[in-house]
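Participant: Listed in order, the protein sequences are those of chains X, W, S, Z, L and E. To convert, count from 1 in the first sequence and add 7; that's the working numbering. To convert, count from 1 in the second sequence and add 7; that's the working numbering. To convert, count from 1 in the third sequence and add 7; that's the working numbering. To convert, count from 1 in the fourth sequence and add 7; that's the working numbering. To convert, count from 1 in the fifth sequence and add 7; that's the working numbering. To convert, count from 1 in the sixth sequence and add 7; that's the working numbering.
Rather than coming from a laboratory, the hints here were simulated on the basis of the structure. Source: prediction; values computed, not measured. Possibly wrong hints are sitting among the right ones.
The list treats identical chains as interchangeable, and a pair is accepted whether it falls inside one copy or across any two copies.
[What the hints assert, rightly or not] Calculated lysine to aspartate or glutamate pairs in the EDC-like style (CA-CA distance at most 16 Å, straight line):
{"no.": "1", "residue 1": "33", "residue 2": "162"}
{"no.": "2", "residue 1": "165", "residue 2": "30"}
{"no.": "3", "residue 1": "33", "residue 2": "49"}
{"no.": "4", "residue 1": "227", "residue 2": "124"}
{"no.": "5", "residue 1": "19", "residue 2": "157"}
{"no.": "6", "residue 1": "227", "residue 2": "199"}
{"no.": "7", "residue 1": "195", "residue 2": "169"}
{"no.": "8", "residue 1": "9", "residue 2": "38"}
{"no.": "9", "residue 1": "96", "residue 2": "69"}
{"no.": "10", "residue 1": "140", "residue 2": "49"}
{"no.": "11", "residue 1": "165", "residue 2": "150"}
Number of protein chains: 6
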Amino acid sequence: MKILVINPNTSKRMTEEIRKTAEMVKNPGTELIVTCPKKGPESLESYYEESIATMESLNIIESMQERIDAVVLACYGDPGLYAMKEILKVPVVGIAEASMVMATILGQKFSILVALDKSVSMMENLVLRHGFKDRLSSIRSVEMPVLDLEAKPEETTKKLTEAGKRAIQDGAETIILGCAGLTGFDLKLQKELGIPVIDPVKAGVKLAEALSFMGLTISKRGLYSYPPKMRRD
Amino acid sequence: MKILVINPNTSKRMTEEIRKTAEMVKNPGTELIVTCPKKGPESLESYYEESIATMESLNIIESMQERIDAVVLACYGDPGLYAMKEILKVPVVGIAEASMVMATILGQKFSILVALDKSVSMMENLVLRHGFKDRLSSIRSVEMPVLDLEAKPEETTKKLTEAGKRAIQDGAETIILGCAGLTGFDLKLQKELGIPVIDPVKAGVKLAEALSFMGLTISKRGLYSYPPKMRRD
Amino acid sequence: MKILVINPNTSKRMTEEIRKTAEMVKNPGTELIVTCPKKGPESLESYYEESIATMESLNIIESMQERIDAVVLACYGDPGLYAMKEILKVPVVGIAEASMVMATILGQKFSILVALDKSVSMMENLVLRHGFKDRLSSIRSVEMPVLDLEAKPEETTKKLTEAGKRAIQDGAETIILGCAGLTGFDLKLQKELGIPVIDPVKAGVKLAEALSFMGLTISKRGLYSYPPKMRRD
Amino acid sequence: MKILVINPNTSKRMTEEIRKTAEMVKNPGTELIVTCPKKGPESLESYYEESIATMESLNIIESMQERIDAVVLACYGDPGLYAMKEILKVPVVGIAEASMVMATILGQKFSILVALDKSVSMMENLVLRHGFKDRLSSIRSVEMPVLDLEAKPEETTKKLTEAGKRAIQDGAETIILGCAGLTGFDLKLQKELGIPVIDPVKAGVKLAEALSFMGLTISKRGLYSYPPKMRRD
Amino acid sequence: MKILVINPNTSKRMTEEIRKTAEMVKNPGTELIVTCPKKGPESLESYYEESIATMESLNIIESMQERIDAVVLACYGDPGLYAMKEILKVPVVGIAEASMVMATILGQKFSILVALDKSVSMMENLVLRHGFKDRLSSIRSVEMPVLDLEAKPEETTKKLTEAGKRAIQDGAETIILGCAGLTGFDLKLQKELGIPVIDPVKAGVKLAEALSFMGLTISKRGLYSYPPKMRRD
Amino acid sequence: MKILVINPNTSKRMTEEIRKTAEMVKNPGTELIVTCPKKGPESLESYYEESIATMESLNIIESMQERIDAVVLACYGDPGLYAMKEILKVPVVGIAEASMVMATILGQKFSILVALDKSVSMMENLVLRHGFKDRLSSIRSVEMPVLDLEAKPEETTKKLTEAGKRAIQDGAETIILGCAGLTGFDLKLQKELGIPVIDPVKAGVKLAEALSFMGLTISKRGLYSYPPKMRRD
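Isolated chain X, as found in the complex:
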């Protein structure tokens, strides 16, 4: 099984961290193609940057679609997710939706930790659109630029722990790392906080494997039916 893991920003460092995480949890029989666009924003901290990154990601997907069995969109904003599900038939999984569905199974209320204050509003909007508002406990920011997260791991760990403790006081039963740039911090944080911490990259890879293995596809009826001019079946 070949899974394309696409980091829609151009940060090579973040792509490398995503690759490490994905390799760590993939099944032995899974082959991963972890990639990112050559141009576009180096981190996605706004809808504007997400729009640019979406185009670049769609180009990558179109060029590789013959060779892949599933796609993991490795940015917590799920940018361009609808369009990707529309042009492909193989399972496409956003890491935000993957992590949220797992959180709903492990506890009643989840909190999301994000990089920037601005992301708090964006995440709240995302949770609303995904239909999980009744299960959301809070969204807490570590107030660090996305590109600093992997670059300054000690500061990140410290701030994640602080934010996680506030989230627990908010009523969180599970924690989601709400940024692909936070991948790899899950196990340490889980140990620190004593409640499950979900790494969304892991969630995306495992769910994509599961769907593909089960022979399931994106439904080509209704919302994600092929664009009229691209019909291919």
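With chain X fixed as given, assemble chains W, S, Z, L and E onto it according to the hints.
Facilitator: Just chains W, S, Z, L and E, lined up with the frame of chain X:
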């Protein structure tokens, strides 16, 4: 007051129709700039095409932002609306959101008429995201490609009337024309059906004028705060 | 275009302030009739008072209905709004609904500033009924009787600024002045707070103008169909 | 215990039927005062008429408030219910809210039978406001003017049975008679349909007795706190 | 009328308190059978214990079903409520649902006081399932084991008063005692707090009496239809 | 990794089918323990039977908890799911919740096919409780007793195809087999209908593997925290 009305597809014909409609309802003191991208899809019938069109629209907006007092996004899918509200401070109004808020004032339940069967699912998703699901009566398709709508006005009128009658049986108290390509068909259809028919281009222009005239702006706090790298105030 | 702006309480001072605000934002071609009942409560701070005021307002509307193109109901509780939409065909706009729909366009979350603690519960109920609960950030009271608001402008400004700052901490991206008695305080407060502040009287007038100009009416099918004994079309 | 049962319309016949029903189910120790306004609409088939009737009902309540232990508002639209709960401390029960809460205990989904097509929209709005939309199966009309319901009992029974059968096909597990004018038809219809049929007048009386007996009152904190001192011209 | 009041835990003391409360509010003509299982958990503080208690309660109900006119399930978690409504036709009322519907009539927002921190999450889940989330103000715990509540009445009263005051600050307009073990503390607490306090055992008994008296039954169509192998009508 | 797959009814045939399905999709390194209670109902077609089966399942889980890394509850009603998540720390996955979260990733709207008409109401209730009502298209019954499903595969296939076609007309984009007794019919039906068909047993096994592999557990904070020390007579 200068209002940019942007048709995110490249159809000159549809841009012309949008201009006609917008000119018809604008205030005397309003100057309209009605435009469309030079490249990109000629009609937007999928999320994929919306993604491409979003990039083109954002480029236009960026190049014109110094000279405009408000923006009307004249495509019923509201493509790229979040990003546009994020990079601008002047009011940005999507024609879908404008038409829905007007519908909620005129009656309890509204129906939306769309071009294609695929759009039915996309609209349902849009209504859900805009929070108006309890006010939606039904979505009915005329099953014509978007570019045919203006090209074959008689067929369009006939099919709109049929779809509108079905919508009334579904419980519609008002009708929204759910496609910029349907602009200009409102008054005739309203006469035919006997209930209010909302032309979303008109709704967008009038709401943009109103917001701008009132001295209101997009809030630069929270969801639509400027992208971190673009902060300008 | 003739718009009836009806202040359902009997305060002449408040009616005067409403008139000033409405005149300030109306289109040149709009003629305003701003009025209030001769008897009834001088301010509406309860459902009980709203019930009395509704009767008085309905009488005014019935006597003037031949001569008007739209109605603005200038009390933030939208008292009697259903009945008014029912007996008229011309657009009837409540200033609460008008301000809320504008707020949803300018930001994700809005807060409402009200006069009295009791109004906090009444507003929460109103927001719930209008379907905007997911967009509400908070409701904050300045704890002043309605009739003091215009009478003591300095105290009002000071308390509004304090309440507005608390609202921003609650997550507000826009602020709505949740009482017709607060009309005219919008621009100063907006400058103070740095986020959009919506004057609901302005919102009501501009929306009524827009709907009327577009040739739209209250739907006489379904919820707002004429009372059985009054059918007139 | 003295319970005021108020029929807000002026129909003596309907008031008599309401009295009969109320007497039938009251506890032995309960004394009923069943009354209706002297002037106002003879039946309430619109929000406009409800507004007039509200004023008349409030006057009755104010004049009797010293002598009563609970109030039942015997009109299915619950007109003026908020105001009544506000000015009184003794339990005030609307027959619509009473019947809906009983229905939610007896089955998952309920349907409401109403007199007129217009009432279908009004009931849908009422159910939404009372928060029971997820429990509503359908609203079906017998298409008879309210005053005919008691006057033509055979036709009413026949049409109720037909409407009830359609409601069962819609998924109804219980039926609510959605008009005080339908009081007394419950047991016959229940026998006919084989599922529980709730007479809202009975529901209101029994719930008012229960609340009063338990020593409960309307909360005078928050939404239903007393109106601030009334000022009238 | 014979009402079975079933305490699903095995605490004789709590069963006695429930009996006292039920006797205090029942109608003169009502005969109460108040009982509890012989084996099973002595208090229900988890879903696990509720599952065991459900089986014991179902056995009691099955053995007594010929002789009873209604059932009150006297545990605030409503354990096994669906199954009980399914196997019986006479009204079955959970004390949680009974208290919540009464609270919605007396005020806009209610708070629930519970015994243990763990119960806070369980109650939140229960409120969500019963569809009253928009009416919930908060859930506050007295942090005492269930069996201590009746055993240490002074401590309980003190802690309830403290928790009730916090609930009022949260916005509560009414208070519900969210544990059968708190039965009998309502009137004292109501006096202390000045807002209505609902004893759920009382609510359950009065609602069961009312439903039975009205000739209503659990609907045997849809959700609560008899188990296929037990069909009896 | 050892996964306990528990069929809560006593049908050996159905347990065998569940084993076959589970073996088909498990990872090579996964060891399955597929079992069912020795006593209790042979099929679960009511809440009553679910209550009995829950006790038996809990007993099995308690006796095996030292030796397992995850649990799959293989009955579509998710009976006893809360209690199981409460007493265990290893991931516990209900096949209903697993299938629904997968369906939300593959399309906008899903339909569920069930065995009996009674299950339609039970499923609707389940979907509501799991929070997926906005994503549900319809629930369609094949009207066959659960134990006949595997026993008469040709009739089952035929009726599933018919029900699936009706579901597609209802707007389904994906289909869920809403009964463990339907396991194994997915691929054939998927071929027949042309849209994704989700076998919930497969969904449960793959999700349990994923969660366990990621090092995640049920959160022991909040809703699923361990039962306080159990006291039993």
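Participant: Compare the structure with each hint and give your call.
Facilitator: Structure-based check of each hint:
1. In this homomeric assembly, residue 33 and residue 162 never come within 16 Å of each other (Cα to Cα): the closest approach is 28 Å inside a single copy and 40 Å across copies.
2. Taking the shortest alpha-carbon separations for residue 165 and residue 30, neither the intra-copy value of 26 Å nor the inter-copy value of 43 Å comes in at or below 16 Å.
3. In this homomeric assembly, residue 33 and residue 49 never come within 16 Å of each other (Cα to Cα): the closest approach is 26 Å inside a single copy and 39 Å across copies.
4. Proximity of residue 227 and residue 124 under a CA criterion of 16 Å is satisfied inter-copy only: 13 Å between copies versus 37 Å inside one chain copy.
5. Proximity of residue 19 and residue 157 under a CA criterion of 16 Å is satisfied intra-copy only: 11 Å inside one chain copy versus 47 Å between copies.
6. For the identical chains of this complex, residue 227 and residue 199 are inter-copy neighbours only, at 14 Å across copies versus 44 Å inside a copy, given an alpha-carbon limit of 16 Å.
7. Taking the shortest alpha-carbon separations for residue 195 and residue 169, only the intra-copy value of 13 Å comes in at or below 16 Å, while the best inter-copy value is 39 Å.
8. Taking the closest pair of Cα atoms, residue 9 and residue 38 come within 16 Å of each other only inside a single copy of the chain (5 Å); across copies the shortest separation is 25 Å, beyond that limit.
9. In this assembly of identical chains, residue 96 and residue 69 lie within 16 Å of each other by CA distance solely inside one copy; the values are 12 Å within and 35 Å between copies.
10. Taking the shortest alpha-carbon separations for residue 140 and residue 49, neither the intra-copy value of 30 Å nor the inter-copy value of 36 Å comes in at or below 16 Å.
11. Within a single copy, residue 165 and residue 150 get their C-alpha atoms as close as 12 Å, which meets the 16 Å cut-off; across copies the closest is 32 Å, which misses it.
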